[in-house]
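**Q** Listed here are the chains, written in short residue letters.
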Amino acid sequence: MGDRRITDHPILDFDEGEVIHFTFDGKPMEGREGDTIASALHANGVKVLGYHFKTKRPRGFYCAIGNCSACLMIVNGKSNVRTCTEPLLPGMVVEKQLDRGVPDDV
Amino acid sequence: MMYDIDLVVIGGGPAGLMAANTATEAGAEVLLLERDGHLGGQLVKQTHKFFGSEKQHASVRGIDISTMLGDRLDSFGERATVWKNATAIGFYEDGVITVDHDGIYKKVKPKRVVVATGASEKFLSFPNNDLPGIYGAGAVQTMMNVYGIRPGHRVLMIGAGNIGLIVSYQLMQAGVSVAAIVEGLPQIGGYAVHAGKVRRAGVPILTSHTILRADGKESVERATIARIDRTWNAIPGTEKTIECDVICISVGLTPLAELLWQAGCEMRYIPSLGGSVPLRNNCLETTVKGVYVAGDVTGIEEASAAMVEGHLAGLEAAASLGFKGDRYSEERKDCMEQLAALRSGPTAEKIRTGLACAECL
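Listed in order, the protein sequences are those of chains A and B. The numbers in my numbering rise by one with no breaks, and the one at position 51 of the first sequence is 51. Each number in my numbering comes from the position in the second sequence (counting from 1) with 1000 added on.
Here chain A stands alone, though its shape is the one from the complex (with noise of 0.2 Å):
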């Protein structure tokens, strides 16, 4: 799905960014320096991010810019987690939200 990152653009230059390695539901994936987790899992061609915890109904990334909370995930352990906006960084380890998580140190 490379096909996904511009690399060709009359305004903007893109740097090849140093490859970042993750995993999205234990699989192994690539994305690169400067990417959020879901802009990430986009150029790997995921869409779907969760499943509504009640009507279990897929769910996207709607704003992109943190206001919406459609593209909450599991990071590293930690529900809620706003994919659209959180920097990716090497090893995270991200799943699909299924349910409407817990609140961490409670």
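A hint or two may mislead.
[What the hints assert, rightly or not] Lysine-lysine pairs mimicking BS3-like chemistry, simulated, CA-CA at most 25 Å apart:
#1 A:Lys56 with B:Lys1122
#2 A:Lys78 with B:Lys1084
#3 B:Lys1217 with A:Lys56
#4 B:Lys1084 with B:Lys1109
No lab work stands behind these hints: they were computed from the structure.
Position chain B relative to chain A; hints supplied.
**A** Same frame as chain A, but now just chain B:
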């Protein structure tokens, strides 16, 4: 620990950056809170050149304006502090603002506040509107212009306002095909110059049309559109199926005003400004003394007006603390004139009407 400071600016977009720059230049000590990891707000994805006059950076691209304003703030050294990854999470009656800064809970008690929190994208009701692949137009712009990712292969754009038109053109610049632009109104809402660009590239703009539904198994595979009559009802027999893997919703924005509600500012629902907005005087001070507003949180306009409002709010907040430069009156007058000019055209009629109801103090 409680941080004491002259002025806190909430939001590091065009309005907040201008407010922080102006107030710091006037002599105030300023703290700017930005939720994101970088400054600029939505300027960071605006690859198009701005309109307006030279003072509003006309013919400069939004991304470059963002850098200019950020660099200027940097140049003030420690008089202007910037907290990135800092979300204002509460605004209390005693004037205390609580902040989640890099996961650490902090409290700030400023003498004055400029709220410049911007706006969020509106949504549209239709069956299956929650399918992955249905994105706000701004979200698609962020994916493409900030992260360099194509949202898909073929896009249906809903809304022919300036954002719908500009993002359609930017999709094509990124190598994505745009199937059509659908607009409910009988006429195109955005500027003719933007509409001309997408039309010349072969994209049909279907006015008096709406989306009836989206379909797809796990994500969007197609959309059904139809012509609508004057009462916005679909005309039977005019349905059309459009194959697409992305549907972009560009039906306007609504102010992100939660902090103002919590602070106790008097609010009024004004549809032409996008939702509930704070009442204020012509210097952008709300009903809560010392709380100023600027940018889209005051009502939806565009970045040029947001920058001038930020300038005015920063100037006024600083002046009320006694930081009044020699050019104060001149600058104030200039801001008011720039705002009047930006809102002078026939397309700004509804903004002028809306503002007349909001600027009433």
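**Q** None of the hints should be skipped; say for each whether it holds.
**A** Against the structure, the hints come out as follows:
no.	hint	result
1	A:Lys56 with B:Lys1122	holds, 24 Å
2	A:Lys78 with B:Lys1084	holds, 22 Å
3	B:Lys1217 with A:Lys56	holds, 13 Å
4	B:Lys1084 with B:Lys1109	holds, 18 Å
Hint compliance for this structure: no hint is broken.
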